[in-house]
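Q: Read off the chains here:
2 protein chains.
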Amino acid sequence: MNLSDPNSVSRVAIIGCGTIGASWAAHFLGRGMQVTAWDPHPDGESRLNAFVDKAWDGVVRLDLDGRAKRENLQWCNTVEAAIDGVEFIQESAPERLEVKHELYSRFDTALGPDTVMSTSTSGLILSELQQGHAGAERYVLGHPFNPPHLIPLVEVLGGKETAPEVVDWTLDFYNAHGKKAIRLNHEVPGHLANRMQSAIWREAIDAVNSGLASVEDVDAAIAYGPGLRWALMGPHQIFALAGGEGGMRNFMHHFGPPNEQWWETLNSDVKLTEDVVEKIVAGVDEEQAGRSVGEIAGERDILLLDILETLARTRQSLRDK
Amino acid sequence: MNLSDPNSVSRVAIIGCGTIGASWAAHFLGRGMQVTAWDPHPDGESRLNAFVDKAWDGVVRLDLDGRAKRENLQWCNTVEAAIDGVEFIQESAPERLEVKHELYSRFDTALGPDTVMSTSTSGLILSELQQGHAGAERYVLGHPFNPPHLIPLVEVLGGKETAPEVVDWTLDFYNAHGKKAIRLNHEVPGHLANRMQSAIWREAIDAVNSGLASVEDVDAAIAYGPGLRWALMGPHQIFALAGGEGGMRNFMHHFGPPNEQWWETLNSDVKLTEDVVEKIVAGVDEEQAGRSVGEIAGERDILLLDILETLARTRQSLRDK
Chain A
1 MNLSDPNSVS
11 RVAIIGCGTI
21 GASWAAHFLG
31 RGMQVTAWDP
41 HPDGESRLNA
51 FVDKAWDGVV
61 RLDLDGRAKR
71 ENLQWCNTVE
81 AAIDGVEFIQ
91 ESAPERLEVK
101 HELYSRFDTA
111 LGPDTVMSTS
121 TSGLILSELQ
131 QGHAGAERYV
141 LGHPFNPPHL
151 IPLVEVLGGK
161 ETAPEVVDWT
171 LDFYNAHGKK
181 AIRLNHEVPG
191 HLANRMQSAI
201 WREAIDAVNS
211 GLASVEDVDA
221 AIAYGPGLRW
231 ALMGPHQIFA
241 LAGGEGGMRN
251 FMHHFGPPNE
261 QWWETLNSDV
271 KLTEDVVEKI
281 VAGVDEEQAG
291 RSVGEIAGER
301 DILLLDILET
311 LARTRQSLRD
321 K
Chain B
1 MNLSDPNSVS
11 RVAIIGCGTI
21 GASWAAHFLG
31 RGMQVTAWDP
41 HPDGESRLNA
51 FVDKAWDGVV
61 RLDLDGRAKR
71 ENLQWCNTVE
81 AAIDGVEFIQ
91 ESAPERLEVK
101 HELYSRFDTA
111 LGPDTVMSTS
121 TSGLILSELQ
131 QGHAGAERYV
141 LGHPFNPPHL
151 IPLVEVLGGK
161 ETAPEVVDWT
171 LDFYNAHGKK
181 AIRLNHEVPG
191 HLANRMQSAI
201 WREAIDAVNS
211 GLASVEDVDA
221 AIAYGPGLRW
231 ALMGPHQIFA
241 LAGGEGGMRN
251 FMHHFGPPNE
261 QWWETLNSDV
271 KLTEDVVEKI
281 VAGVDEEQAG
291 RSVGEIAGER
301 DILLLDILET
311 LARTRQSLRD
321 K
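So the sequence lines, in the order shown, correspond to chains A and B.
Those letters in the first sequence? Residues 1 to 321, per my numbering, in order.
Those letters in the second sequence? Residues 1 to 321, per my numbering, in order.
Rather than coming from a laboratory, the hints here were simulated on the basis of the structure.
Any given hint could be a false lead.
Put simply, identical chains are the same to the list, so a pair is met inside one copy or across any two.
Once the Cα atoms are required to be at most 30 Å apart in a straight line, the calculated DSS-like pairs of lysine-lysine come out as [unchecked claim]:
no.: 1; residue 1: K279; residue 2: K69
no.: 2; residue 1: K54; residue 2: K271
no.: 3; residue 1: K160; residue 2: K69
no.: 4; residue 1: K279; residue 2: K54
no.: 5; residue 1: K321; residue 2: K279
no.: 6; residue 1: K321; residue 2: K180
no.: 7; residue 1: K160; residue 2: K321
no.: 8; residue 1: K69; residue 2: K271
no.: 9; residue 1: K271; residue 2: K321
no.: 10; residue 1: K69; residue 2: K54
no.: 11; residue 1: K160; residue 2: K54
no.: 12; residue 1: K279; residue 2: K160
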């Protein structure tokens with residue numbers, strides 16, 4: 001295998017153009033790449049275009065270097081045409097093992113010898129997906145956080161048959177093209193970010209179920225408190241800063257013991273019984289106060305794009321200093 | 001007791017002017033209030049002024065209505081002078097029971113009959129603090145998230161002797177004056193936000209300790225992923241939106257089971273052994289790549305103020321629509 005320079009990749013294929021795939025397409029167009037796309041759905045092409053059109057304002061706002069090219073999107077009628085000559089494939093087919101294997105059997109003959117194939121799967125195991133396929137050494141996990149054209153995170157992992165250099169290449173490729181890619185060293189259920197989300201959600205559910213606070217107040221405790229800092233830096237770095245000049249070692253010394261005490265009282269046995277589900281659903285209804293999911297999602301998107309643009313501009317100006 | 005209208009409070013006292021108290025002073029000055037302040041430290045006044053001066057740029061940026069008045073700060077040489085005639089006291093004395101009790105014994109004679117006394121304590125129990133003090137029914141918890149002049153969250157809770165109307169009044173007061181106050185219904189170690197922070201940190205530590213990812217990558221998994229949304233909305237609301245038009249009920253149906261499965265594999269037995277501490281400290285060192293805590297904290301403050309201002313402006317314009 002003779003992988004291209006990850007910094008100068010110019011052609012990528014999007015295979016599977018549902019919500020995730022279409023958002024990936026918007027992202028790569030935003031980086032000025034040539035994007036070929038395929039999906040088996042009869043309305044695939046129009047759905048993809050509708051998604052990209054809707055996303056485009058956001059893509060342009062986050063494109064501080066002026067590279068975005070909407071016209072670089074090319075629909076293909078076959079998998080084979082879409083992946084022909086590309087250096088990289090982002091596969092976002094439905095989350096079913098047999099669907100992916102059937103798709104990959106078409107890659108067996110058509111995949112270029114130096115093409116990297118990255119799957120967006122959130123729930124399937126890469127080692128099981130790549131098994132038995134030609135080019136398995138160039139199969140890698142590239143799990144995005146939804147929607148990929150806005151949220152930078154990609155979790156990268158190699159399966160049993162993935163060549164280590166392909167994992168390195170994929171990390172470099174994503175990071176060179178507007179994503180924040182992180183390296184996972186082994187396969188665990190939920191990868192990493194979803195597990196951490198799940199951990200905080202468990203505590204958030206227990207706070208409501210134990211009567212400590214309402215759904216609305218639990219949500220506010222994050223969004224008007226620690227959530228504001230987590231948009232900037234992760235939990236380790238934030239706590240290291242709380243240690244002052246002594247950093248993380250000082251933080252551990254002073255705040256390790258209370259955190260250990262709190263861990264002992266966290267409820268690790270939360271179950272989503274019918275009663276718990278009803279409490280949370282009722283609490284969310286109250287929080288939403290009659291506003292529709294669509295209205296609140298619209299507000300989330302406006303606010304998200306605002307802070308993403310602000311963070312991108314400020315970080316660029318800090319770098320330029 | 002005859003509490004004033006929480007919306008029209010104009011005089012507050014800051015008792016204890018360390019990092020937390022000084023930041024509270026900056027906050028209330030930013031809301032145009034008359035602020036009296038007292039601290040027993042010989043350099044208390046100059047330290048307070050230095051803090052407020054440094055914070056002032058941020059206070060003004062977040063003051064979209066143009067109310068901030070730096071000149072409204074008045075230093076007092078005694079507790080009694082500071083709390084004379086105020087409608088509200090924010091107490092941020094050192095976190096030691098005997099220190100607080102000694103201070104409160106001075107309130108016993110000097111506290112006005114309609115003054116509410118709110119303590120910033122993060123680790124002590126209000127019911128133990130208020131015990132034996134005159135005016136205990138007007139003692140309440142108002143636990144901020146640091147720094148209070150930037151981060152809106154305040155956790156409000158009544159102790160055993162607190163009058164329910166005082167809790168309601170305190171919530172209204174904070175919410176009317178630039179804070180986001182939430183109601184806690186019972187006393188638990190760490191209140192609420194710190195417990196949720198602790199829950200995610202436990203998982204973040206386990207990810208490093210189990211070799212899943214580096215400190216730097218674990219941090220990036222939050223700050224470039226779910227952390228971006230938690231700056232906008234809490235975990236329940238964010239997941240409800242992920243349920244589409246079916247909202248939280250639909251999310252629970254589809255994503256409840258995988259979350260329950262992840263919970264079963266989360267490590268609830270993390271301990272901060274020397275080995276674990278060293279791994280995290282080394283990982284943070286690597287992440288910081290030679291940059292000082294001061295430099296990174298400076299960057300955090302710049303980014304935080306940027307997103308706070310953006311969120312404040314956008315939310316105001318959404319309300320005005």
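Q: Please go over all the hints and tell whether each is borne out by the structure.
A: Do the hints match the structure? See the list:
1. K279 / K69: Answer is neither: 47 Å inside a copy and 44 Å across each miss the 30 Å cutoff.
2. K54 / K271: neither (38 Å within a copy, 47 Å between copies)
3. K160 / K69: Answer is neither; intra-copy 37 Å and inter-copy 63 Å both fail.
4. K279 / K54: neither (35 Å within a copy, 45 Å between copies)
5. K321 / K279: neither (50 Å within a copy, 32 Å between copies)
6. K321 / K180: Only inside one copy: K321 and K180 sit 22 Å apart there, 35 Å across copies, limit 30 Å.
7. K160 / K321: For K160 and K321, neither the intra-copy (43 Å) nor the inter-copy (54 Å) Cα distance is at most 30 Å.
8. K69 / K271: Cα proximity of K69 and K271: none, with 47 Å in one copy and 51 Å across.
9. K271 / K321: neither (50 Å within a copy, 41 Å between copies)
10. K69 / K54: Result: close within a single copy only, 15 Å intra versus 44 Å inter.
11. K160 / K54: Neither: 39 Å inside a chain and 54 Å across chains, both beyond 30 Å.
12. K279 / K160: between (43 Å within a copy, 27 Å between copies)
When each numbered hint is compared with the structure, violations occur for hints 1, 2, 3, 4, 5, 7, 8, 9, 11.
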